[in-house]
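J.: Please put together the full structure from these sequences, using the hints given.
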Amino acid sequence: MLKKIEAIIREDKFNDVKEALREIGIVGLNVFEIRGHGRQGGVTLVGRSGSYQVDMLVKLQLNIILSEHNLEETIEAILNSASTGETGDGLIFVYPVEEAIRIRTRERGHEAVMYPGDIDERKHRGKT
Amino acid sequence: MEGTLNSGDTAWLLVCCSLVLLMTPALALFYGGMVRRKNLLSTLTLSYIFMALAGVQWVLYGYSLAFGTDIGGLIGGLNFLGFAGVGALPNPDYAKTIPHGLFAAFQMMFAVITPALITGAFVERVRFKSFLLFSLIWMTLVYDPLAHWVWGKGGWLGAMGVLDFAGGTVVHIAAGYSALAFALVIGPRKGFGKVPMEPHNIAFTVLGAGLLWVGWFGFNAGSALAANGVAVNALLTTNTSAAAAGLVWMVLGWLDGRPSTLGIATGMVVGLAAVTPAAGFVSPLAAMLIGAVAAPICYYAIRFRQNRNLDESMDVWACHGMASTWGMIATGLFATLEVNSAGANGLFYGNPKQLALQFLGVVVTIAFTFVVTYVVAKVLDMSIGLRVTTMEEEVGLDISAHGERAYS
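Respectively, the protein sequence lines represent chains A and B.
Every position in the first sequence, counted from 1, becomes a number in this note's numbering once 53 is added.
Every position in the second sequence, counted from 1, becomes a number in this note's numbering once 44 is added.
Computed cross-link-like contacts, SDA-like style, restricted to lysine to any residue with a CA-CA straight-line distance of at most 25 Å:
1) K234/B - V99/A
2) K66/A - R302/B
3) K176/A - E72/A
4) K234/B - R88/A
5) K238/B - V111/A
6) K82/B - L113/A
7) K234/B - S104/A
8) K234/B - L98/A
9) K234/B - G94/A
In silico negatives: residues of chain B with every beta carbon more than 10 Å from chain A:
10) L65
11) R80
12) F127
13) K173
14) S174
15) L180
16) K197
17) G205
18) L255
19) N395
20) P396
21) D425
22) I428
23) E436
24) Y451
Looking from chain A toward chain B, a few residues come up when the C-beta cut is under 7 Å (computed):
25) V99
26) R101
27) S102
28) G103
29) S104
30) V107
Hints were generated in silico from the structure; no laboratory data involved.
These numbers were taken from a predicted model, which means no experiment stands behind them.
We put the CB at the ideal spot given by N, CA and C, even for glycine.
T.: In structure tokens:
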């Protein structure tokens with residue numbers, strides 16, 4: 054079973070999250086720059102005279118497709134690396150993925166999202 | 045009496061003319077950074093177009109209405125239509141040592157930037173055609189007569205002894221109060237006060253403010269119309285006032301949260317506008333006070349305007365209008381014959397009458413520019429309409445009015 058992680062994180066935590074994911078062997082990911090707000094409702098900026106409210110903040114959305122057995126470990130890595138403890142740290146959503154197909158090789162399912170040196174290969178290496 | 049050309053004065057004024065020309069592109073950037081990205085080109089165009097529109101109007105008849113042979117103290121005659129007789133020889137009425145054509149060109153740059161200043165009031169929603177018509181009428185009915193009253197030979201305010209060195213009344217109060225009147229007529233941008241309208245590129249605004257400061261040396265020091273001690277004093281007072289106002293504004297912003305870049309740049313421009321009428325009449329130390337006091341006046345004028353929910357979008361009134369209102373009054377306080385023997389003493393040098401004259405200049409300018417602008421804007425609004433449609437406003441004027449976009 055394949056899953057999709059959609060993590061909305063702080064722009065400024067992106068490098069930490071990327072590093073943490075690389076550490077556990079998540080090789081493939083892509084990123085959207087998005088705008089929005091959650092419970093925090095925006096931030097206050099300083100203008101010419103006094104401050105004003107801005108409600109659309111820039112956030113990053115990470116998309117990762119992975120095998121279900123790697124899900125919790127990956128979520129843990131994101132939680133640890135993306136958190137500051139302040140409001141605005143973001144959210145993680147998980148979806149089931151119907152199918153994944155690698156265009157070059159036509160591989161489907163698990164095969165399509167596996168890379169040399171990725172999280173599964175590391176686990177395998179660990180066992181032998 | 046014929047004047048004698050002085051090549052030093054002529055060279056200096058040629059440079060100043062170019063410096064003041066630079067202020068209009070600078071202003072375009074200053075405003076352009078503060079609008080939303082969908083209106084950048086439109087905002088730039090509202091300023092730039094005056095280099096073309098006023099550049100033609102001034103040669104055809106604008107200069108003559110402002111500086112032609114006086115008619116009753118109210119308006120210049122038509123003797124300089126098409127720059128007739130405005131050539132290489134000096135006109136001793138205005139500047140004895142530079143060609144008349146250079147004086148007229150230097151004045152043209154003021155006629156270019158003044159209506160461009162007003163555009164800050166109605167960016168992001170004005171209909172381009174109506175704006176062009178308004179501008180032509182404004183230059184003819186407001187700028188040209190007012191320039192005559194204050195600077196024209198025989199103009200009634202100048203003849204009474206009102207001091208305005210480089211355009212506190214003619215340029216900044218006129219633009220500021222006209223902006224206020226126009227904003228009241230056209231109404232706020234769609235969503236004003238409900239949705240955030242963030243400046244889309246503050247770097248443009250900061251760059252614009254810096255170039256304005258450079259250009260202002262030409263504006264104020266050039267208004268001495270000679271390369272002499274008064275010009276040097278004007279340059280010093282200009283720099284000192286801008287510096288003091290920038291610092292005070294920074295502190296005001298800091299006390300309210302953070303010392304914002306946009307705030308510091310705004311403070312600098314406010315200091316420049318405040319010292320404009322005083323530059324050639326007061327000492328650098330007086331200019332420091334003028335700038336320092338201008339900052340809180342304008343800072344809280346912006347707050348006042350915001351609290352009324354009035355969308356005078358770029359604060360032309362709060363910054364230019366209020367700064368120069370104070371600057372005109374300050375001229376009546378600090379002016380001294382020690383700085384400029386062709387000027388006058390102010391209250392602090394034993395001449396309370398000058399303060400009264402400065403008040404008169406301010407009140408007349410405010411009443412005249414506000415009322416005429418309000419009426420002209422209202423008539424245009426009721427006839428051809430001042431605003432774009434809601435749809436055009438939402439799409440942004442870059443696409444809807446000019447058919448292009450700033451960022452692809």
